[in-house]
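Visitor: In case you want the letters, here they are:
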Amino acid sequence: MTSDPSSRVVVSGLGVVSPYGLGVKSLWTGLSAGACAIRPVTAIAIEGLRSRVAAEVPAEALDALGVSRRRSRADRLALAAAREALADAGLDERDRRGAACVVGAVGGGMYEVEEWYWEEARSGRPAPGQGSLRSVLPRAHADAIAFRFGLCGPRETLVMACASGAAAVALGADLIRDGVVDTALVGGVDALTRICFMGFNALKLLDPDPCRPFDRERRGMSIGEAAAFLVLEDADRCRARGGRAHAWLAGAGMTTDAHHVTAPHPEGEGMVRAMSQALASAGMAPGEIDYVNAHGTGTPQNDRIEALALARVFGEGGVLVSSSKSLVGHTMAAAGSVEAVVTILALEHGLVPPTANLTDVDPAVPFDCVPVVARPTDLDAALSNSFGFGGQNVSLIFRRATD
Amino acid sequence: MAGSAAPAPSRGRSRVVVTGMGTVNALTSGGRGAVVEALAAERSGIGPLRAFAPEPGGSGLAAEVDDGRLAALIDGAEARRLSRICRLAVAACRLAVEDAAIAPGAELGLVVGSEHGDFRSSEEFAGGYLRRGPAGLSPMIFPNTVMNTMASVAAIAVGARAASVTINQATVVGDLAVARGAALVANGSARAVVAGGVDEICEIVYRHLCRLGALSPMGGRAPEGCRPYAADHNGPVLGEGATFLVLEALDAARARGASIVAEIADMAWGSVPAAPHAGGARTLDRGSPVRRLLSARARPFARCYGAANGDPGVDDWERALLAQDLGKGAATPTSLAPRFGQHGGLGALRVAAAALDAAHGGAPVLVHGIARGGCRTALIVGESSAA
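Residue numbers (the working numbering), protein chains in the order written: chain A, 1 to 403; chain B, 404 to 790.
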């Protein structure tokens, strides 16, 4: 690991529970094979809705999480992913004690609460399961993780829609750069919920089939569920304890459109500022970015505007672009941290994960979007975009760690 | 525009000052003057619940915002578009920005804290489906079910285009939002940040907190009421409202001739290792940033505003933590919960009160918080002359 003067923050641990199953290894196996994990929904009732597909964590993976079934589905995903990230970093109890815990979340324990609420509404009588309300709020995950793993540093739960997980990475890194802590467990989690599935149906933003980001015929997104966590560390501290860096977190940018509650700014103004801010904080020029892991939801509007913003920052065709959401769905609050992990794995393996289901690229997307098949490429630096309702824009830049 | 890049945010540490306040609470609404008025008032905003009929034998008190006062702050067309909690957030953010006389732009950020978010909209959205199936799903209501919608509409209202952050936490979320906002200003991520908290009285939340025994009288026989630190404390009373502060880099505030109230001299937040929902005086801080901040102080504080809200676990825990870190002689903190009820804006009101106290000079004022589950906060607010 050589010193990089543009950053003091390294990523020393990764953990994931994804629609491919438990663990970073299964995520990378699925991504690199270009295997689409979007399938018919089984976890929630979706009668009468336009879309009937989602990227669920497989039942056998849920059984193997090694977390008490008394916890909410989302807590279980979060605890398993956090445990893998901390173990990957090789942090002992003493190392963990001072660590921050910054979690992006939206749905909280809503999966279980919906079961209870639906039953009570259907029967008109008090139903069992009211206790699930104790874990319904998004903050439940950070509380559970901090207690389970003995993290006494700053604890924050960030609710920033689909940018939540990426915001957790950016603000966790701030705590290190500001000298508050030298280690931070950061990431995001969301389990599938009816309210989310129904809401995006109501907005007509779901594709009835597995989503096709950047395709001329794209018709919307596919919802997924996941948890992904990263251990961020002060580079000197990581080196001193003999830790291994997966990548540098070189820069981050966070902006707000202040334009519309659900629609992005039509010119991608906030997106451009987020990417530019990330580049500036990394001390990098656009030409130094080899790959962009796009927000790439598959909705007609997002993909067109994101492409416009990418063209303004990198120039048309100036960078390789792909969307992981075509493979693992849009995992909501987890998406930003899942895609941060994907971006880091791409740097480590020198392989760009493909955009699945992309057969006819939209002419409004003037980029090589790596259709269908993963592409081996030398990568030194990559940017990951996450944009959310409320005009929340977060861009993260990672650089390959060199030993 | 390929190749262009925004100026690199400075990682130097800026001093952070309070230059504006806005509040909509059970007692008052307005800018700095309204906060002063609310804090000076002898009365409490807590009274019998008006929004809906409480369950017999359960809790029946709340500190509610009068709908007429809120309506006077948000025009009719905007009110029809926004949920009630969004109206509270927008109104208080606007009041704070007007008080600070600060311009909108790409260097103005926003941090919104909320304990419960917009459950009213979540219930309304789900209820539409339960009554009418897919045809009952409202695309207008759905965005409100995500907790960052208050920040989204407030950012539009005040033109905040730097980072906007929504934080969810129990009890101390207003303090935490102000601390996070101050950090964004201090590290140069934004030149100014509107930071605070918001919550509303919502029937489903109120009823279920009551059934879970989380509100006074917590199933006991003692009279219902908010009595922090008292021997007969028996739970919090819910309140509602929004309070936001404008936090600004000292240099920027001076350059534009802003009226500076006080300085956020330091802040920290951390975790005390307690099980989620649990907490008590026997669980002490083993080394969070809050403990480091408080333990290192040689001078006493002029005053301490605490997060105690009548919840015996939280009240006793706060006293034990402060005794551990400040010494057993530390005075009992002042709680504002009996005036305004427990809600997401309360922590920001505590910081506002500390800033107004500090403006009179003397030793710095401490704003301390501890929540069930162990999230702990501390802000040290210094006099404005230091700025």
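Honestly, I wouldn't trust all of these hints.
Residues on chain B that point at chain A, a partial pick, calculated with CB under 10 angstroms [said to hold, decoys possible]: (1) Ser-517; (2) Gly-562; (3) Gly-628; (4) Ser-674.
By construction, these hints were calculated from the structure, which means they are not laboratory data.
Note that the coordinates shown come from a computational prediction; the quantities given were computed from them, not determined experimentally.
For each residue, glycine too, the CB sits at the ideal point set by N, CA and C.
Visitor: Each hint: holds or not?
Guide: Taking the hints in turn, this is what the structure says about them:
Against a cut-off of 10 angstroms between C-beta atoms, the interface hint on Ser-517/B holds, since the closest Cβ of chain A lies about 8 angstroms away. The beta carbon of Gly-562/B is positioned within 10 angstroms of a beta carbon in chain A (closest approach about 6 angstroms), and the interface hint is therefore held. For Gly-628/B, the interface hint is violated, the least distance from its beta-carbon to any beta-carbon of chain A being 24 angstroms, above 10 angstroms. Nearest Cβ of chain A to the Cβ of Ser-674/B: about 4 angstroms, under the 10 angstroms cut. The hint holds.
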